[in-house]
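Got chain A; can you put chains B and C on it based on the hints?
Order-wise, the sequence lines are chains A, B and C. Each residue of the first sequence is one higher than the last, beginning at 1429 in the working numbering. Each residue of the second sequence is one higher than the last, beginning at 13 in the working numbering. Each residue of the third sequence is one higher than the last, beginning at 555 in the working numbering.
Just so you know, the hints here were simulated from the structure itself, not pulled from any lab data. Some clues are possibly wrong.
[Claimed, not checked] Pairs of lysine-lysine, PhoX-like flavour, derived with a Cα cap of 25 Å:
{"#": "1", "chain 1": "A", "residue 1": "LYS1968", "chain 2": "B", "residue 2": "LYS65"}
{"#": "2", "chain 1": "A", "residue 1": "LYS1853", "chain 2": "A", "residue 2": "LYS1433"}
{"#": "3", "chain 1": "A", "residue 1": "LYS1670", "chain 2": "A", "residue 2": "LYS1712"}
{"#": "4", "chain 1": "A", "residue 1": "LYS1553", "chain 2": "A", "residue 2": "LYS1614"}
{"#": "5", "chain 1": "A", "residue 1": "LYS1715", "chain 2": "A", "residue 2": "LYS1683"}
{"#": "6", "chain 1": "A", "residue 1": "LYS1547", "chain 2": "B", "residue 2": "LYS136"}
{"#": "7", "chain 1": "B", "residue 1": "LYS136", "chain 2": "A", "residue 2": "LYS1846"}
{"#": "8", "chain 1": "A", "residue 1": "LYS1547", "chain 2": "B", "residue 2": "LYS171"}
{"#": "9", "chain 1": "C", "residue 1": "LYS759", "chain 2": "C", "residue 2": "LYS836"}
{"#": "10", "chain 1": "B", "residue 1": "LYS90", "chain 2": "A", "residue 2": "LYS1547"}
{"#": "11", "chain 1": "B", "residue 1": "LYS149", "chain 2": "A", "residue 2": "LYS1851"}
{"#": "12", "chain 1": "B", "residue 1": "LYS168", "chain 2": "A", "residue 2": "LYS1547"}
{"#": "13", "chain 1": "A", "residue 1": "LYS1850", "chain 2": "B", "residue 2": "LYS149"}
{"#": "14", "chain 1": "A", "residue 1": "LYS1547", "chain 2": "B", "residue 2": "LYS65"}
{"#": "15", "chain 1": "A", "residue 1": "LYS1719", "chain 2": "A", "residue 2": "LYS1683"}
{"#": "16", "chain 1": "C", "residue 1": "LYS769", "chain 2": "C", "residue 2": "LYS615"}
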Amino acid sequence: MKGIKDKYGAESMALLKHGSPGSHLEHLFKAYGSDTIAEPAYAQCRGPRETGFGLTFGAWVGSPEPTDIRDTKCLVLIGSHIGENMHNTQVQEMSDAIDNNATIITVDPRYSTAASKSKYWLPIKPSTDMALLLSWMHVLIYEDIYDKAYVEQYGFGFDELKEHVRSYTPEWAYGITTIKPEEIRKTARVMAAAAPSVIVHPGRHVVWYGDDSQRSRAIAILNGLLGAWGRRGGFYFKEKIKIPTYPHPPFPQPKWGWEELGEKYPFAEMGITNEIVQASIPKKDQKYPIKAWFIAGTNLLNTIPQHKIIEKAIDSVEFIVVVDTMPMEITGYADVVLPECTYLERYDGIRSATNREPSIALRMPAAEPRFESKPAWWIAKQLGERLGLHDYFNYKDFKEVIAWQLKQLGTSLEEMEKVGVKKFKRKSGPLFLKEGQPYEFATNSGKIEFYSTELEEKGFDPMPIYTPHNEPDQGFYRLNYGRSPMHTFSRTVNNPNLNDLMDENKLWVNSKVARIEDLKNNQEVWLENQDGIISSFPIKVRVTERIRWDSVYMYHGFGHSNKKLSRAHGKGASDTQLITKVTIDPLMGGTGMRGNFVKILTENPHKKEIVS
Amino acid sequence: MRYAMVIDTLKCVGCSDCVVACQTENSVPVGYCRDWVTESVSGTYPTLELELKSERCNHCDNAPCVRCCPTGASHIVKGGIVLVIGDECIGCGACIESCPYDARYQHPDGYVDKCTFCHHRLEKGQLPACVSVCPTKCMYFGDLDDPNSEVSKLLKRRKHKTLAPEAGTKPNVYYLI
Amino acid sequence: MQQEEIFISGRNIPHIDPTLEIWHWPISLYLFLGGLGAGLLFFAAIITVLGKEEDYPTTVKYATIIPPIALSLGLLALVYDLTHPLYTWQLYTTIRLESPMSWGAWVLLVTTPLSFLWVFSYYSELFPKWKLKFNFLNNFEKLLKKNRKNMAYALIPLSIILGIYTGILLSAFNARPLWNNAILGPLFLTSGLSTGAATILLLAKTTKERHLFSKIDLLLIIIELGLIIHMIMSMAAGSEVQLEAMQLLIGGEFTLMFFGFVVILGLIVPAILEFTEIIGYKVPVAVPAILILIGGLVLRFVMVEAGQITRYLY
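One chain only, chain A, in its complex shape (with noise of 0.2 Å):
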């Protein structure tokens, strides 16, 4: 790390990390000089939806989001599979959602999880979504049946929005997604009739086709017309503590970081880790080349999609560190790996969640460490201390920064060992609007902008438009992914007692596809997608229902290649090998990743090339 500043300075060295060691060593970049961060949970992920919804409410939707499951009327999931993703607290309320009699609406080409729990289920045409939003404010508007109370005091630029979507019938929109027109009309009323106790559903991975910072925006307009946002039952007004900084000097100011890496973005509002991958391919006259990467907590290869140019520029940096606590497949690419003790072997930094009410919580470990494994926050140190950044780390326990900023909030690890988390009372006003309370959201034009002044200031459309996406070629089907609910990512495959639930993926194809390609439940295949690339291993199939023809399905994280997890070896196929195509947002530089064909091989093509 010395060699890397002192040869190009700080800036050149990149953090790309996830989850709890992020802090510890961002805290060590920021001392080091270097403010080249970035996370896949952005651009890989849950970024276009903070713009969508920030450049139409002015604020993002944040994590864990302020949506009010637990009280809704109606919930309208647009291809988010809440139960498969197990984001705990969305689970729970969804369960009480389900208790309280709330009709749920989904949307997915997919029989998910949620679609088995919702009174109506629309088996989109997969990419088509747009098409169906905007009909959806059509009817909205033109039956006039939005919030109109509501719009009319929180809203800017209706009646653009209203001339806008005039066209886009539900007739309009039956032949795009294949959803019959009484049936958007009939979802559209239910919706009006539950506001404004109804969530649209921002999502979470929501990086599928480019124009996503516009498909989250167009969601926003409609929970804006349905006057869902700071209303019971819709989004809530969230609260969280601020953590006392533990006292250390001040950072130096980096030239340049992960702004300006993103500058082609300008509605970027964190690092965009792929742009920190092309950064790192040597190019002439590079403005902002990356040197070196140190990675924490994410395993690149299963996360960002293009294989191809992840091995370019890991061929070409000049050192990579991994901190992981397992052996991932970019273990086997780094030149130092700091072994990370799990989550229940160390302190971590103290977690402040938004919520209704503010709250903290504190990790402590509850077992030793195992063989050499060390706590991210002692890796930080000891990489500090032997970079002169002592100051930086002016402590010999992080349990005394916990301790020191537990005091500060007036408790103190004694009484967070024994409650592990607390709430404070809310500080920032209700959770809701009160009826016609005036109210300044943080946009331009302090109101909810269905019509964005911003997008139209840097030249993009100020409204949702659609635009058609492409489609599979015959004998191609498009190539859907999602999560497990037994699995994180791909981080825990691994674990023996969830390995023992799931030890691999399957190819999910509608029995209709199976007898066309004569496939059989459990049968070994390989795919093949658009560009010639070919899984590394085979998958077997699923023949079930619950897929749509026109797509397959499977879940993310599986197929790992590194030999060292010995359970996960070789187990079902890895969708982001796969992903060789990406569309990427030019809002804010998310990778759109379900814009890839695969088709079905029944033969080893591997064994082929041996042969050959």
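Relative to chain A, chains B and C alone:
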């Protein structure tokens, strides 16, 4: 006292947390399980139904496993819980053959093992491990002889079923549908 | 209408999923040997009670060497298939009337020693060259010889219970539709008697004994065929799970074994051969006898294995 478990299939998402909770609570060896989750899909796209169920020993009133046990290792205790005493079990497998739910298995140590409704936790006033961890709170546990228990009330109010009632075993795990 | 029924929590328990394989070949062998021993003891006891020992020496004397060996081997096989065998003694700490396994354990505990005693009562005649060295043993043999008829009275019900038990052990399981029919007890008893008769036929030295047991065996074969038809008919008229069970035998993976080895080679062919012999043609009796023994063994294997595949669907 008649213990029963009531599971709301409308809320279960099939995450299998109940399975891991049981395996860790009861030190079930990896590769074995005392509870499991099934998925049944019926219909043709796009007219479909999906049912997710967390299944386990049904602690039947008319338990064939207890009847066929030659040593009395399988027996019923207070509350109707069917238990196996490992040191009385010869591992003949008759109870496994007799169970229509395939709820029993041969522990690698030789004796036959199965769900105990977490009898050891009930004695401490705790809920079975699977019930206590369910993120959707779709599992309920209680006494059917008590008309005010949550399980009694749920069964009074909601449509429900048991598994393979035609086997005549009178199961005590109910599924809300 | 498509249906999908799957475990999603990765359940794959050894010997249970995807189909039950808890009882293996030792159990099939045990059921066969139990039936064979019961058949032989039954015939020895009946002939003795009728006082025809002189006419049928093979039945009462030579063939009875087999039951103690068969029953002991059977018990060994049973214990071999237990997964907690060090606790086998727990069987004899209690009598559980509802458990066929308990019945079997106790019946065998009485019958097996009796079968040894029976052979011992014929010791001097069976092994004239090896004199007993101790006086008390000679006296014991004399005592047994005197009580042979009493032993026969005890063995008649015991051997019938043992023979039926080999079938009831399976039929008591409601959870396995193939087994769960009342015919299995009588069927296995008949088959056991038939294998017993076949063994006597194989060992008999006189035409008289051979002819009698040819006739008995022919009768038993006809009864057994009747019982098999009865079993299949009742399954054919049964519920869905029983229909599926029947399918395994008449149009599934066990059809060849069941019809080929049990019904045709194990019953019909020997019946024809025995009939031919009875009406006076010369037939080497060893052929039908061995076919019957093989058929009896295969019947146990087929029923034990196929039965474990069948289950309730829910």
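Hints, one by one, checked against the model:
1. LYS1968/A with LYS65/B: holds (24 Å)
2. LYS1853/A with LYS1433/A: The hint is violated at about 45 Å.
3. LYS1670/A with LYS1712/A: violated (44 Å)
4. LYS1553/A with LYS1614/A: holds (19 Å)
5. LYS1715/A with LYS1683/A: holds (11 Å)
6. LYS1547/A with LYS136/B: violated (41 Å)
7. LYS136/B with LYS1846/A: Holds, at about 21 Å.
8. LYS1547/A with LYS171/B: holds (18 Å)
9. LYS759/C with LYS836/C: This hinted pair holds, its Cα atoms lying about 15 Å apart.
10. LYS90/B with LYS1547/A: violated (42 Å)
11. LYS149/B with LYS1851/A: holds (22 Å)
12. LYS168/B with LYS1547/A: Within the cut-off at roughly 24 Å; holds.
13. LYS1850/A with LYS149/B: holds (23 Å)
14. LYS1547/A with LYS65/B: holds (20 Å)
15. LYS1719/A with LYS1683/A: holds (15 Å)
16. LYS769/C with LYS615/C: The given pair, whose Cα atoms are some 20 Å apart, holds under the 25 Å limit.
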